[in-house]
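Protein chains in written order, with the working numbering: chain A, 1 to 414; chain B, 1 to 414.
Where hints are given, some of them may not hold.
[Unchecked claim] Computed from the model, here is a short list of chain A residues facing chain B with C-beta under 7 Å:
#: 1; residue: Cys10
#: 2; residue: Leu13
#: 3; residue: Ser99
#: 4; residue: Cys119
#: 5; residue: Gly137
#: 6; residue: Leu188
#: 7; residue: Gly232
#: 8; residue: Leu243
#: 9; residue: Ile251
#: 10; residue: Gly253
#: 11; residue: Asp262
#: 12; residue: Ser285
#: 13; residue: Leu318
#: 14; residue: Ala368
FYI, nobody ran anything at the bench for these hints, they're computed from the structure.
Each residue gets a CB set at the ideal place from its N, CA and C atoms; glycine is no exception.
There are 2 protein chains.
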Amino acid sequence: MLSSLSREACDSLDQRDALASLRSAFRLPPGLIYLDGNSLGPLTNEAAQRVTAALDREWGLDLVASWNSHGWMDAPDRIGARIARLVGASPEAVVVADSTTVNIFKLVVAWMHGSGSRCRIVTELGNFPTDLYVLQGVAELLGPAVELQAVARKDVLDAMDSSTSLLVLTHVHYKTAEMYDLDAVTALAHARGAAVLWDLSHSVGAVPVDLQRARADLAVGCTYKFLNGGPGAPAFLYVRPDLTERVGPGIAGWLGHEAPFDFIDEYRAAAGVRRHRVGTPGILSLSALDGSLSAFDDVDMAALRTKSVALTDMFIELVESRCNSHGLTLITPRAPQCRGSHVSFAHPRAYSIVQALAARGVVGDFRAPDIMRFGIAPLYTRFVDIWDAAERLHAVLQTQAWQEPQFNERKAVT
Amino acid sequence: MLSSLSREACDSLDQRDALASLRSAFRLPPGLIYLDGNSLGPLTNEAAQRVTAALDREWGLDLVASWNSHGWMDAPDRIGARIARLVGASPEAVVVADSTTVNIFKLVVAWMHGSGSRCRIVTELGNFPTDLYVLQGVAELLGPAVELQAVARKDVLDAMDSSTSLLVLTHVHYKTAEMYDLDAVTALAHARGAAVLWDLSHSVGAVPVDLQRARADLAVGCTYKFLNGGPGAPAFLYVRPDLTERVGPGIAGWLGHEAPFDFIDEYRAAAGVRRHRVGTPGILSLSALDGSLSAFDDVDMAALRTKSVALTDMFIELVESRCNSHGLTLITPRAPQCRGSHVSFAHPRAYSIVQALAARGVVGDFRAPDIMRFGIAPLYTRFVDIWDAAERLHAVLQTQAWQEPQFNERKAVT
Numbered sequence: 001m002l003s004s005l006s007r008e009a010c011d012s013l014d015q016r017d018a019l020a021s022l023r024s025a026f027r028l029p030p031g032l033i034y035l036d037g038n039s040l041g042p043l044t045n046e047a048a049q050r051v052t053a054a055l056d057r058e059w060g061l062d063l064v065a066s067w068n069s070h071g072w073m074d075a076p077d078r079i080g081a082r083i084a085r086l087v088g089a090s091p092e093a094v095v096v097a098d099s100t101t102v103n104i105f106k107l108v109v110a111w112m113h114g115s116g117s118r119c120r121i122v123t124e125l126g127n128f129p130t131d132l133y134v135l136q137g138v139a140e141l142l143g144p145a146v147e148l149q150a151v152a153r154k155d156v157l158d159a160m161d162s163s164t165s166l167l168v169l170t171h172v173h174y175k176t177a178e179m180y181d182l183d184a185v186t187a188l189a190h191a192r193g194a195a196v197l198w199d200l201s202h203s204v205g206a207v208p209v210d211l212q213r214a215r216a217d218l219a220v221g222c223t224y225k226f227l228n229g230g231p232g233a234p235a236f237l238y239v240r241p242d243l244t245e246r247v248g249p250g251i252a253g254w255l256g257h258e259a260p261f262d263f264i265d266e267y268r269a270a271a272g273v274r275r276h277r278v279g280t281p282g283i284l285s286l287s288a289l290d291g292s293l294s295a296f297d298d299v300d301m302a303a304l305r306t307k308s309v310a311l312t313d314m315f316i317e318l319v320e321s322r323c324n325s326h327g328l329t330l331i332t333p334r335a336p337q338c339r340g341s342h343v344s345f346a347h348p349r350a351y352s353i354v355q356a357l358a359a360r361g362v363v364g365d366f367r368a369p370d371i372m373r374f375g376i377a378p379l380y381t382r383f384v385d386i387w388d389a390a391e392r393l394h395a396v397l398q399t400q401a402w403q404e405p406q407f408n409e410r411k412a413v414t
Numbered sequence: 001m002l003s004s005l006s007r008e009a010c011d012s013l014d015q016r017d018a019l020a021s022l023r024s025a026f027r028l029p030p031g032l033i034y035l036d037g038n039s040l041g042p043l044t045n046e047a048a049q050r051v052t053a054a055l056d057r058e059w060g061l062d063l064v065a066s067w068n069s070h071g072w073m074d075a076p077d078r079i080g081a082r083i084a085r086l087v088g089a090s091p092e093a094v095v096v097a098d099s100t101t102v103n104i105f106k107l108v109v110a111w112m113h114g115s116g117s118r119c120r121i122v123t124e125l126g127n128f129p130t131d132l133y134v135l136q137g138v139a140e141l142l143g144p145a146v147e148l149q150a151v152a153r154k155d156v157l158d159a160m161d162s163s164t165s166l167l168v169l170t171h172v173h174y175k176t177a178e179m180y181d182l183d184a185v186t187a188l189a190h191a192r193g194a195a196v197l198w199d200l201s202h203s204v205g206a207v208p209v210d211l212q213r214a215r216a217d218l219a220v221g222c223t224y225k226f227l228n229g230g231p232g233a234p235a236f237l238y239v240r241p242d243l244t245e246r247v248g249p250g251i252a253g254w255l256g257h258e259a260p261f262d263f264i265d266e267y268r269a270a271a272g273v274r275r276h277r278v279g280t281p282g283i284l285s286l287s288a289l290d291g292s293l294s295a296f297d298d299v300d301m302a303a304l305r306t307k308s309v310a311l312t313d314m315f316i317e318l319v320e321s322r323c324n325s326h327g328l329t330l331i332t333p334r335a336p337q338c339r340g341s342h343v344s345f346a347h348p349r350a351y352s353i354v355q356a357l358a359a360r361g362v363v364g365d366f367r368a369p370d371i372m373r374f375g376i377a378p379l380y381t382r383f384v385d386i387w388d389a390a391e392r393l394h395a396v397l398q399t400q401a402w403q404e405p406q407f408n409e410r411k412a413v414t
């Protein structure tokens, strides 16, 4: 099918794309093909406007009164409710606070504190490191009441037994884009008597998620990837509404109190997920996130997913058809239902190839030790971008441009 | 002495004030007397410029490359080093991360995890609620290995015994502005075999602090009060350099790993305070903080303190001389060496008085149940502001303006 594909045909697909106009919300640098929105989503016009307003008018002019007059105090709940729609949660079940890492910690310690004789947490080796590190830290802090069992991906489901209290998994794998069947895995965990904490960092905003339908117990997610909330934007967390009383705050802070402005000495957890707000919210970062979420207003996540699958399918086929003599190995599942919205290839010189490609206006990223990763965000990525990216990748490999010395100096990229 | 004081004399003090030019760094709304910088410091020109640059040029144009090219990844350390000077710490001993609440949690659990048979934490009833709530949460989470002893202020020092591992105190009290002698209290705790965690939220940027001289063990602080870092700006934490190996990360996250970009499965804590970075830093909020700290460049903290004492002395004397028939009670210590940089009065109608005063262009704040609090930031507060604020407070009381119904509707203010 793709043998007949041309740049003109891609252009024609873009013309007919019902989601094409969403791209106009973004301030993408002219000429750049940005395939790293799964690491840091780009700036939207509305995010820029919201930050400017928060800076100049709210903080600058109205100062401390803005906590009430501009709704700063409720921002974690209000913005949480906007994210809730994207993950199939009721509006009051999601709150924005802290980093993804801190939120995992909060939910895990809160869950394990009430888990009785079931002391085990099961997770996957090769999960995003912060998930693993948090769990190792919790096991050390609360041991022997908590025992961590990190096993290979293929063994995760079998590892659950009558001692398992919590399964901690990332819905879409940060390297390979492998995607778990959220409904089926949740149901299986429940059948074994365990709860599931889903890390949605690499799925939210690109892959439809329905936490309610799955009866998922707990979830967290990053907002600066496919949600485009800005560098280090605060993360979100979800607790299934019937579990909120079961799940203490993890970290008891003044904004998680039922009456923070009474300034009383004794902690009493707020109802619902509000108890997980903990400290004073970072308004500038929250304002950017609030603005960025407007790009999703009225967007049908199923339509977004259809476009994501079409783009990723095309990228895989174009790259493989052009570059298969150059030692690239696809590590992302070919079956669309088994992958998220990024595509990764392994190559021994992945780092240098990614640098050489960036010098040609195509930004992907490198993940140690040998992976080049391309995030394909359906809100703003065009079919012609996919065509051009594949062409330029081919050119880099064909000309061995990556051998140029300036592409070999290793730098950290998040 | 003050009987001869006049607005003209205040104006003359401002003319002779060597620190007067620092006010030009701030974007204060014209005509407003802002005495709430101990709750939310005002916007500086440089903070606004830094956020705009981070937004438009860094995030907007350079996107993910900014983690390296604009130093985002090192921002928590770099900005921590700028704060270090203001608290008498070596540059590498301070890092910016998370909220004050989360930082207290991190340091307390890390400290108590290695505290052996000493299981007690001593703190003060009436401490800022988040400090108390965190400690209650830690005691519940780690009990019986951790026991919390919250006692009246007058009993704090006597409460320490051979079971005490950690004393958690706020240097300057958020309501009364009472200030502990940081050196003496630290020395006393050490003599009892306990460590001290100082919460510097209401002192940093207004009161000289010398953590090294005091040999203070641990410290945290808020950056959006006297440091003017912006609403909900990330907090800082300090660990005495010889203790960093003793103090695990509390929450083990990917950015606290010694090699985050190796993406390995096993956590290994970074050296020093870097292990406390935890998650991805919020760059927009950090940029504001970075800009705001420039207002302190070349500022001598001793000179700032001298001005703070002069301003607070004057405010106390002017208010008391004018308003003492109106039922105000000073709850801030009269002795300058015993107080920080805010002044508080108790009054049964404090809430309404604060509202009525705000309507007359003087912003202070209310703290339940009956306290009006006036933050006096020496970087931008003038002697004429103190004169005018006292005059207007007197007018509000004299005319009973606070009885107007619009000043009685209670709203939360942080």
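Report holds or violated for the interface hint on A:Leu243, using the least CB-CB distance to chain B and a cut-off of 7 Å. For A:Leu243, the interface hint is violated, since the closest Cβ of chain B sits about 18 Å away, which is over 7 Å.
Agreement of hint A:Gly232 with chain B interface, Cβ distance less than 7 Å | 4 Å, holds
- Task: Against chain B, run the beta carbon of A:Ser99 and see if the smallest gap drops under 7 Å.
- Result: Hint on A:Ser99: holds, closest Cβ of chain B at ~3 Å, below 7 Å.
*chain B contact restraint for A:Ser285 - C-beta distance below 7 Å*: 4 Å, holds
_Quick check on the hint: A:Leu188 CB to chain B CB, less than 7 Å?_
It is violated, given that the least Cβ distance between A:Leu188 and chain B is near 24 Å, above 7 Å.
Regarding the hint that A:Ile251 lies at the interface with chain B, is the smallest CB-CB distance below 7 Å? Status holds, d = 5 Å.
The hint names A:Asp262 as touching chain B; please verify it with the least Cβ-Cβ distance against 7 Å. Because about 6 Å separates A:Asp262 from the closest Cβ in chain B, which is inside the 7 Å limit, the hint holds.
Q. Should the interface hint for A:Leu318 be scored as holding, given a Cβ-Cβ cut-off of 7 Å against chain B?
A. Violated, because the Cβ-Cβ distance from A:Leu318 to chain B comes to roughly 23 Å (cut-off 7 Å).
_Under 7 Å is the threshold here; is the Cβ of A:Gly253 close enough to any Cβ of chain B for the hint to stand?_
4 Å, holds
Task: Restraint satisfaction for A:Gly137 [CB to CB of chain B, less than 7 Å] - done: 3 Å, holds
Closest C-beta approach of A:Cys119 to chain B relative to 7 Å, hint status: 15 Å, violated
- [ ] Against chain B, run the beta carbon of A:Cys10 and see if the smallest gap drops under 7 Å.
- [x] Since chain B brings no Cβ nearer than about 23 Å to A:Cys10, farther than 7 Å, the hint is violated.
Taken one by one, the earlier hints fail for this structure at numbers 1, 2, 4, 6, 8 and 13, listed in ascending order.
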